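K.L.:
Model the full structure from these sequences, guided by the hints.
Residue numbers (my numbering), protein chains in the order written: chain R, 11 to 153; chain C, 11 to 153; chain H, 11 to 153; chain D, 11 to 153.
These are calculated hints, taken from the structure and not from any lab test. Since the model is a prediction, treat every value here as computed from it, not as a measurement. Keep in mind that the hints are not guaranteed to be accurate.
Intra- or inter-copy, both count: the list cannot distinguish identical chains.
In silico SDA-like pairs for lysine to any residue, Cα to Cα no more than 25 Å straight-line [stated by the list, open to error]:
| no. | residue 1 | residue 2 |
| --- | --- | --- |
| 1 | LYS98 | SER148 |
| 2 | LYS81 | THR67 |
| 3 | LYS98 | ARG77 |
| 4 | LYS81 | GLY132 |
Protein chains: 4
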Amino acid sequence: MNSPSDPFTDFLTRARYAETDQMGVVHHSNHFVWFECGRSEYCRARGFSYRQLEEETGCLLMVAEARCRYKAPLFYDDTVRIRTRLQKSRRRLVIFSYQVFRDPDILVAEGETIHLVADRSGKPALLPDEYFRLLNSSPPFHA
Amino acid sequence: MNSPSDPFTDFLTRARYAETDQMGVVHHSNHFVWFECGRSEYCRARGFSYRQLEEETGCLLMVAEARCRYKAPLFYDDTVRIRTRLQKSRRRLVIFSYQVFRDPDILVAEGETIHLVADRSGKPALLPDEYFRLLNSSPPFHA
Amino acid sequence: MNSPSDPFTDFLTRARYAETDQMGVVHHSNHFVWFECGRSEYCRARGFSYRQLEEETGCLLMVAEARCRYKAPLFYDDTVRIRTRLQKSRRRLVIFSYQVFRDPDILVAEGETIHLVADRSGKPALLPDEYFRLLNSSPPFHA
Amino acid sequence: MNSPSDPFTDFLTRARYAETDQMGVVHHSNHFVWFECGRSEYCRARGFSYRQLEEETGCLLMVAEARCRYKAPLFYDDTVRIRTRLQKSRRRLVIFSYQVFRDPDILVAEGETIHLVADRSGKPALLPDEYFRLLNSSPPFHA
Numbered sequence: 011m012n013s014p015s016d017p018f019t020d021f022l023t024r025a026r027y028a029e030t031d032q033m034g035v036v037h038h039s040n041h042f043v044w045f046e047c048g049r050s051e052y053c054r055a056r057g058f059s060y061r062q063l064e065e066e067t068g069c070l071l072m073v074a075e076a077r078c079r080y081k082a083p084l085f086y087d088d089t090v091r092i093r094t095r096l097q098k099s100r101r102r103l104v105i106f107s108y109q110v111f112r113d114p115d116i117l118v119a120e121g122e123t124i125h126l127v128a129d130r131s132g133k134p135a136l137l138p139d140e141y142f143r144l145l146n147s148s149p150p151f152h153a
Numbered sequence: 011m012n013s014p015s016d017p018f019t020d021f022l023t024r025a026r027y028a029e030t031d032q033m034g035v036v037h038h039s040n041h042f043v044w045f046e047c048g049r050s051e052y053c054r055a056r057g058f059s060y061r062q063l064e065e066e067t068g069c070l071l072m073v074a075e076a077r078c079r080y081k082a083p084l085f086y087d088d089t090v091r092i093r094t095r096l097q098k099s100r101r102r103l104v105i106f107s108y109q110v111f112r113d114p115d116i117l118v119a120e121g122e123t124i125h126l127v128a129d130r131s132g133k134p135a136l137l138p139d140e141y142f143r144l145l146n147s148s149p150p151f152h153a
Numbered sequence: 011m012n013s014p015s016d017p018f019t020d021f022l023t024r025a026r027y028a029e030t031d032q033m034g035v036v037h038h039s040n041h042f043v044w045f046e047c048g049r050s051e052y053c054r055a056r057g058f059s060y061r062q063l064e065e066e067t068g069c070l071l072m073v074a075e076a077r078c079r080y081k082a083p084l085f086y087d088d089t090v091r092i093r094t095r096l097q098k099s100r101r102r103l104v105i106f107s108y109q110v111f112r113d114p115d116i117l118v119a120e121g122e123t124i125h126l127v128a129d130r131s132g133k134p135a136l137l138p139d140e141y142f143r144l145l146n147s148s149p150p151f152h153a
Numbered sequence: 011m012n013s014p015s016d017p018f019t020d021f022l023t024r025a026r027y028a029e030t031d032q033m034g035v036v037h038h039s040n041h042f043v044w045f046e047c048g049r050s051e052y053c054r055a056r057g058f059s060y061r062q063l064e065e066e067t068g069c070l071l072m073v074a075e076a077r078c079r080y081k082a083p084l085f086y087d088d089t090v091r092i093r094t095r096l097q098k099s100r101r102r103l104v105i106f107s108y109q110v111f112r113d114p115d116i117l118v119a120e121g122e123t124i125h126l127v128a129d130r131s132g133k134p135a136l137l138p139d140e141y142f143r144l145l146n147s148s149p150p151f152h153a
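P.N.:
If you want it as structure tokens, here you go:
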């Protein structure tokens with residue numbers, strides 16, 4: 011399913027009890043936390059950790075916009091698959107898109123996050139070449 | 011500031027330590043939790059609690075879409091003002107919009123949530139007349 | 011490592027960015043969420059899900075006490091291993107204990123949770139025989 | 011109620027929808043977040059903010075142990091009162107105790123947190139004199 015021309019990375023987790031609310035379903039704010047896990051996994055699949063990016067270069071990907079559309083509820087203990095794609099990448103701006111599946115393939119939510127590259131003081135910065143290249147690479151297992 | 015023709019309700023809170031992340035600012039997912047607090051306060055200002063709506067009528071306002079645009083960071087212990095407006099209301103669909111201020115008036119984020127009216131089983135439902143009317147009313151202090 | 015005379019179950023996760031705070035480490039409240047994930051995994055390893063217990067029998071394991079001792083910090087993206095043991099089990103009361111490791115084996119926290127068996131209305135109840143037996147069993151792979 | 015010989019500080023909040031779980035009550039991990047809010051308010055009532063302590067002195071109060079005993083459930087929209095006391099204070103170690111009330115006076119939980127004074131690198135440190143004194147003072151309104 012995952013092709014070099016449409017590279018994505020999947021992150022698998024389980025809906026936690028603490029993530030449910032009194033409606034009996036996963037609270038909608040958790041999807042944004044999962045999106046973030048998806049981004050971490052996307053980086054890891056490309057040979058670096060987002061932690062390393064922050065520590066080595068002092069670059070942050072500040073969230074400028076976050077959005078999620080909910081199609082179906084998720085329940086405690088559901089296996090959740092977050093599929094992350096790099097939608098757009100510039101040296102100053104990065105957009106990720108996400109699909110959330112109840113495992114294996116029921117699409118339950120979709121979303122996007124827009125990120126501005128910044129330094130530790132919050133000022134605009136440029137994504138270092140090496141990380142820009144890695145971010146746009148296909149995972150090794152597609153080489 | 012709050013006029014009958016543009017009725018909004020403010021909810022005040024403080025950014026909690028647990029809401030910060032290692033970037034030193036409030037994590038972006040918390041804004042969606044605050045939006046929810048804003049909705050609760052919006053209802054309360056109009057004479058009912060969202061809890062009462064759920065318990066008395068079995069009606070839920072399921073989040074179908076949530077969105078936030080971040081303009082400036084918030085820090086631990088900042089006083090935060092969430093301004094909630096009813097953007098659109100139908101018997102089956104309700105849209106709220108939000109402005110987040112670092113108290114008193116620095117706009118740091120804006121967002122919207124779209125809600126579908128549903129019964130406890132998740133099936134589409136109609137918002138009961140009384141609550142529809144209350145939702146569209148101005149707070150008593152504007153009467 | 012895991013013997014029938016000391017049966018435990020390990021749950022693996024990664025520290026999420028959202029779980030860090032401005033101190034740069036995982037916020038201490040998250041450990042209690044991980045303990046809960048550990049309990050879920052403990053049940054799953056013994057052939058049932060805690061979700062099933064709630065749904066089939068109406069039994070809840072209400073938290074009566076929760077405690078954690080922190081020995082070392084955890085950082086974003088650390089692989090975390092939560093080791094869960096059944097410390098004590100009665101038909102009305104269950105105690106779990108936990109060890110949190112930075113993978114593979116640096117002990118960073120320890121804790122316990124005491125649970126009272128209750129029905130949906132919160133009244134004291136007895137853990138059904140079958141689940142009591144499963145809870146006290148060794149995981150299948152030890153049989 | 012609040013006397014110089016037993017100085018405490020109350021923090022008021024409302025149980026948020028996001029803080030509930032599928033049991034229909036506030037998830038037990040939130041109490042530790044509220045304890046933290048209680049500590050912030052305790053400091054504020056004594057003329058300083060915990061934020062200021064961190065920023066000005068580089069001193070952190072690292073949580074070494076956290077504990078909570080739950081007596082009764084809390085529900086969405088309940089007004090919650092967290093009463094914080096300084097149980098013990100040394101230059102290297104501080105213990106806070108908490109009572110959680112469903113407003114105005116139903117005791118629903120009690121707990122403690124033990125803190126070690128540390129510098130930014132996590133090494134043991136001494137609480138600066140001025141803050142030690144403030145921490146042990148009675149709130150101004152008791153002077």
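K.L.:
Are the hints correct? Go through all of them and say.
P.N.:
Hint check:
| no. | hint | in the structure |
| --- | --- | --- |
| 1 | LYS98 x SER148 | within (14 Å within a copy, 43 Å between copies) |
| 2 | LYS81 x THR67 | between (38 Å within a copy, 23 Å between copies) |
| 3 | LYS98 x ARG77 | both (16 Å within a copy, 19 Å between copies) |
| 4 | LYS81 x GLY132 | between (35 Å within a copy, 11 Å between copies) |
Consistency with the previously given hints is maintained throughout, with no hint failing.
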